[in-house]
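Colleague: Based on these hints, arrange chain B on the given structure of chain A.
Now for the letters of each chain:
Protein chains: 2
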Amino acid sequence: MKLLDKGICSIDSVQVSGYREGKYGVTIIYHENSTAVGVYTTNKVYAAPIDITRKHLENGKISAVIVNSGNANCYTKEDGIKKGLQLAQLTADKLGIPVDEVAVASTGVIGRQMPMDILIPVAEKSLSQLENSRESADNAANSILTTDTVKKECAVEHSLKDGTVFRVAGICKGSGMIAPNMGTMLGFITTDLNLPQDILQEALNNSIKKSFNMVVVDGDESTNDTVLLISTNEVQGEYDENFQEALDYVCTSLAKQIARDGEGADKFMEAEASGAKSLDDAIKLSKSIVSSSLVKTALAGADPNWGRIISAMGYSGVDFNPDNVSISIGNEEEDVVIVDKGNVTTYDKPELLEAAEEIMKGKTVIFKVNVHDGEYTATAYGCDLTCEYVHINADYTT
Amino acid sequence: MKLLDKGICSIDSVQVSGYREGKYGVTIIYHENSTAVGVYTTNKVYAAPIDITRKHLENGKISAVIVNSGNANCYTKEDGIKKGLQLAQLTADKLGIPVDEVAVASTGVIGRQMPMDILIPVAEKSLSQLENSRESADNAANSILTTDTVKKECAVEHSLKDGTVFRVAGICKGSGMIAPNMGTMLGFITTDLNLPQDILQEALNNSIKKSFNMVVVDGDESTNDTVLLISTNEVQGEYDENFQEALDYVCTSLAKQIARDGEGADKFMEAEASGAKSLDDAIKLSKSIVSSSLVKTALAGADPNWGRIISAMGYSGVDFNPDNVSISIGNEEEDVVIVDKGNVTTYDKPELLEAAEEIMKGKTVIFKVNVHDGEYTATAYGCDLTCEYVHINADYTT
Numbered sequence: 000m001k002l003l004d005k006g007i008c009s010i011d012s013v014q015v016s017g018y019r020e021g022k023y024g025v026t027i028i029y030h031e032n033s034t035a036v037g038v039y040t041t042n043k044v045y046a047a048p049i050d051i052t053r054k055h056l057e058n059g060k061i062s063a064v065i066v067n068s069g070n071a072n073c074y075t076k077e078d079g080i081k082k083g084l085q086l087a088q089l090t091a092d093k094l095g096i097p098v099d100e101v102a103v104a105s106t107g108v109i110g111r112q113m114p115m116d117i118l119i120p121v122a123e124k125s126l127s128q129l130e131n132s133r134e135s136a137d138n139a140a141n142s143i144l145t146t147d148t149v150k151k152e153c154a155v156e157h158s159l160k161d162g163t164v165f166r167v168a169g170i171c172k173g174s175g176m177i178a179p180n181m182g183t184m185l186g187f188i189t190t191d192l193n194l195p196q197d198i199l200q201e202a203l204n205n206s207i208k209k210s211f212n213m214v215v216v217d218g219d220e221s222t223n224d225t226v227l228l229i230s231t232n233e234v235q236g237e238y239d240e241n242f243q244e245a246l247d248y249v250c251t252s253l254a255k256q257i258a259r260d261g262e263g264a265d266k267f268m269e270a271e272a273s274g275a276k277s278l279d280d281a282i283k284l285s286k287s288i289v290s291s292s293l294v295k296t297a298l299a300g301a302d303p304n305w306g307r308i309i310s311a312m313g314y315s316g317v318d319f320n321p322d323n324v325s326i327s328i329g330n331e332e333e334d335v336v337i338v339d340k341g342n343v344t345t346y347d348k349p350e351l352l353e354a355a356e357e358i359m360k361g362k363t364v365i366f367k368v369n370v371h372d373g374e375y376t377a378t379a380y381g382c383d384l385t386c387e388y389v390h391i392n393a394d395y396t397t
Numbered sequence: 000m001k002l003l004d005k006g007i008c009s010i011d012s013v014q015v016s017g018y019r020e021g022k023y024g025v026t027i028i029y030h031e032n033s034t035a036v037g038v039y040t041t042n043k044v045y046a047a048p049i050d051i052t053r054k055h056l057e058n059g060k061i062s063a064v065i066v067n068s069g070n071a072n073c074y075t076k077e078d079g080i081k082k083g084l085q086l087a088q089l090t091a092d093k094l095g096i097p098v099d100e101v102a103v104a105s106t107g108v109i110g111r112q113m114p115m116d117i118l119i120p121v122a123e124k125s126l127s128q129l130e131n132s133r134e135s136a137d138n139a140a141n142s143i144l145t146t147d148t149v150k151k152e153c154a155v156e157h158s159l160k161d162g163t164v165f166r167v168a169g170i171c172k173g174s175g176m177i178a179p180n181m182g183t184m185l186g187f188i189t190t191d192l193n194l195p196q197d198i199l200q201e202a203l204n205n206s207i208k209k210s211f212n213m214v215v216v217d218g219d220e221s222t223n224d225t226v227l228l229i230s231t232n233e234v235q236g237e238y239d240e241n242f243q244e245a246l247d248y249v250c251t252s253l254a255k256q257i258a259r260d261g262e263g264a265d266k267f268m269e270a271e272a273s274g275a276k277s278l279d280d281a282i283k284l285s286k287s288i289v290s291s292s293l294v295k296t297a298l299a300g301a302d303p304n305w306g307r308i309i310s311a312m313g314y315s316g317v318d319f320n321p322d323n324v325s326i327s328i329g330n331e332e333e334d335v336v337i338v339d340k341g342n343v344t345t346y347d348k349p350e351l352l353e354a355a356e357e358i359m360k361g362k363t364v365i366f367k368v369n370v371h372d373g374e375y376t377a378t379a380y381g382c383d384l385t386c387e388y389v390h391i392n393a394d395y396t397t
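Going down the list, the protein sequences come from chains A and B.
All residue numbers for the first sequence refer to numbering that gives the first Met the number 0, where the first residue is 0 and numbers rise by one.
All residue numbers for the second sequence refer to numbering that gives the first Met the number 0, where the first residue is 0 and numbers rise by one.
The shape of chain A in the complex, shown without the other chains:
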């Protein structure tokens, strides 16, 4: 697998654009006669564009995606559907494609009507700038952002087992309101490998479980989450696990970028839970740790308060023996064992707690826990909880 450096434009036949005025941005992704599948929020309250996109993707064929930031177009009823379709129609007219080949996505404030007087000129300007270039890839990645502080992209080249070379490239946005099950997360992933709709869907579902669904910023789940996987169908080949591997890589990279850019976050954390009786248990344990407000604030303060880790494991709903747990605090280079199969190592060696505190001062902290009950492992991604998170969210709509 090789990393590529042209972002969402790493597949040459895909044209993209992005344009922003103030908090309103519009991103377009354009490739005629693509195959596309989607995964959407499970929130009972979901936005109008999700209705539209789900319908337009029914037959698996799309040619363009239009995404706006600044307004979620959620809880806007018929008006929301009308305005979402208006953006799709604008895209269809400009590109000479049927309106039902346009997918729509939105992110921003909930419960406000879409300001079309602002959005239509921004969309028109964006549509006039479609091209395949490093610059347009930047514009596309930037114009979908809301409270994000950096663009998020990842692209790889990989080959199937028979040597067929293919590419997977993606952009996403997401910063707060993340998890469980995605949060205000928009992701657009392209590939040139020609795969049937059902295989694309299954591959996307698999990847999302391991990536976007393992990110927790604040535990709120958005009304607008959408991840689309779009194939340009240019490369002929049969699905094998190397495609899954490339898609997993891109999705996991994007998911980690979201956690690292969590609202107000200063630090990134991974929690790896292993030795679980089932994958579901491993997921619950790892997500309970990265979701805990007390673990998140301890991370902010570089406080190696491992009692909060074991407490979060204890209320995760997983059955395990607390006296047979191991816990370590580490980073990419080192790993300090704090609890070894139920024995607290720091009672005899207080210097280990100091070493853990040093590690927790860094920008990346990896907690590893093992319940020694089975063979399953899962890793969840999160960030610290800081004052800045409070500031960002205390006056979002005002």
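None of these hints come from the bench; they were simulated from the model.
Don't take every hint at face value.
As the list claims (entries may be wrong) - Simulated coverage check for chain B against chain A, where a stretch passes if three residues somewhere in it have a Cβ under 8 Å from a Cβ of chain A: (1) 40-46; (2) 62-74; (3) 380-386.
Stated by the list, open to error - Coverage of chain A stretches by chain B, computed from C-beta distances (three or more under 8 Å per stretch; other residues unrestricted): (4) 43-56; (5) 187-197; (6) 362-374; (7) 380-388.
Stated by the list, open to error - Simulated DEER-style distance windows between Cβ atoms: (8) Gln235/A / Leu278/B: 56 to 62 Å; (9) Gln112/B / His371/A: 22 to 28 Å; (10) Lys1/A / Thr41/B: 46 to 52 Å.
Here the structure is a predicted model, which means the values were calculated and not measured.
The beta carbon of each residue, even a glycine, is placed where N, CA and C say it ideally should be.
Modeller: Only chain B this time, still in chain A's reference frame:
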């Protein structure tokens, strides 16, 4: 029902004390031959004192409770049991009662061994000050606190349907790590009504469901939660719903005091969910609202961002029709309807949003939601999420 003003000493035969040195406090509650029942944390990782108290309460008879703050005595294994029993024995020796009639509770840092050189002198001092007075009630309520900023107590006099007068009085501590299912919450409730153990247990379970289990501060659940209900058996009478009413009142008052004193909290919120198909649904809806980090930060910033309320309802796991929901923002005096059976009132009357913003600037905010699906209602209690919460928890152990 009449409010009493002598706190946990409102039942004259109960003697209490409290003494603190720095972060270590010890509270004693003493009445020989009482009947007692308890409710404990559901965290898989629970503290040593819970093992001891559960065992000593098996036959329903106790004479004293010793509670320490400053150290949770959790994840301390045999050493924890030994030291918890040491505190019980000290109490038993001083009071001339059997050790198995002493209940033990602890709150503080997890995963550190109990500093008995500090705790024993503090406990001895506390034990030497037992009495029934306004001052000792204050000391008892204060010495169980950790990050709490104010003592929490409530006492009432009520009568059974046959006119028999009885009293219920309680103290509690709890500030962060609250919910679901109690959090670092210690509660000690006394009554003089002579009721059998099984009826006391059922009454306590009923009250806790409506009170302590409806408080959310940060969503972390503690390893040490304990609520004890102790009857001095002085008043002869049969259980009727007036006893439940008095116990509910005391528990709910204490629960609200916890929410109001949430770590770093500046404001108190109630979320009342009505029109639910089941009580479970009503509980899920109301707790999802008070648990949402985004609702909590919106409250901190007095931002009437009701989109976050409907989003939190949407991911609560309850099935409802978003187009038939009503939402209002109010306080004890007024109530502004923002969504009326799916219609957003503020589209036509933006002044309503301003009125809601004014209300949200107050210290108490009540959100009412109705899904118009049935007859069940539940109310959850919470607080805002502020920078102060982050500061308190970022360097708790250091």
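Colleague: Hint numbers the structure violates, sorted upward?
Modeller: The structure conflicts with hints 5 and 6, although it agrees with all the remaining ones.
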